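*Asks:* Starting from the known structure of chain A, fit chain B onto it as the hints suggest.
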Amino acid sequence: EAAVTQSPRNKVTVTGGNVTLSCRQTNSHNYMYWYRQDTGHGLRLIHYSYGAGNLQIGDVPDGYKATRTTQEDFFLLLELASPSQTSLYFCASSEEGSAETLYFGSGTRLTVL
Amino acid sequence: GDSVTQTEGLVTLTEGLPVMLNCTYQTIYSNPFLFWYVQHLNESPRLLLKSFTDNKRTEHQGFHATLHKSSSSFHLQKSSAQLSDSALYYCALSGTQVVGQLTFGRGTRLQVYA
Numbered sequence: 001e002a003a004v005t006q007s008p009r010n011k012v013t014v015t016g017g018n019v020t021l022s023c024r025q026t027n028s029h030n031y032m033y034w035y036r037q038d039t040g041h042g043l044r045l046i047h048y049s050y051g052a053g054n055l056q057i058g059d060v061p062d063g064y065k066a067t068r069t070t071q072e073d074f075f076l077l078l079e080l081a082s083p084s085q086t087s088l089y090f091c092a093s094s095e096e097g098s099a100e101t102l103y104f105g106s107g108t109r110l111t112v113l
Numbered sequence: 001g002d003s004v005t006q007t008e009g010l011v012t013l014t015e016g017l018p019v020m021l022n023c024t025y026q027t028i029y030s031n032p033f034l035f036w037y038v039q040h041l042n043e044s045p046r047l048l049l050k051s052f053t054d055n056k057r058t059e060h061q062g063f064h065a066t067l068h069k070s071s072s073s074f075h076l077q078k079s080s081a082q083l084s085d086s087a088l089y090y091c092a093l094s095g096t097q098v099v100g101q102l103t104f105g106r107g108t109r110l111q112v113y114a
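If you read the sequences in order, they're chains A and B.
For the first sequence, this note's numbering begins at 1 and goes up steadily by one.
For the second sequence, this note's numbering begins at 1 and goes up steadily by one.
Mixed in with the good hints, there may be bad ones.
[Stated by the list, open to error] Which chain A residues face chain B? A few, computed with CB under 10 Å, are given here: (1) Tyr35; (2) Leu43; (3) Tyr48; (4) Ser94; (5) Ala99.
FYI, nobody ran anything at the bench for these hints, they're computed from the structure.
Values in this document were obtained by computation on a predicted structure and should not be read as measured data.
We put the CB at the ideal spot given by N, CA and C, even for glycine.
Next comes chain A alone, as it looks inside the complex (with noise of 0.2 Å):
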């Protein structure tokens, strides 16, 4: 079973505030996910990478940044956090694309104040 590990698991900021979620994931897998989770929106995609030094954007992009420093590292950076960013945030990877199973990390609950 893939092992993806988020962290901080809450986090409260206020508005204007900079964020930092992290994940990591050490089963080698090449892609890694940043989702939001919202009631009545389901999984949105923010950002997601192939690799060390790579970023995609996802469907939701505006407001997040993300790095992907190695292969196990991947950050969501969230540099003047508004409330319309609160949310349940999950990391996922998966060992090739979006074809292949994703496994999920346990989540970020964050909430901006």
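*Replies:* Leaving out everything else, chain B in the frame of chain A:
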């Protein structure tokens, strides 16, 4: 672009009755992959089953689905609901040739009562 439609936001059932969760999709790609992911309360989503073969039934953990390209559908079914089936179910599509772009539907919450 690709899209997935799950028409029911909430399905409520009595234990023992059959389950059917609807999923239709749109893509210009002729060989899409379709998935069902399940998310139990306070857990993360995990794969339930997947298919890319037209008209072939795929089964896992008592659930089954058949990809029908003619109707662009991939409905999830189970013959007899259990209390433990209560969860959020997502249909997802890997359709375009942009590898990595998995599109999820909005999800259907299944609530099974005794």
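*Asks:* Can you give the numbers of the hints that this structure goes against, from lowest to highest?
*Replies:* none
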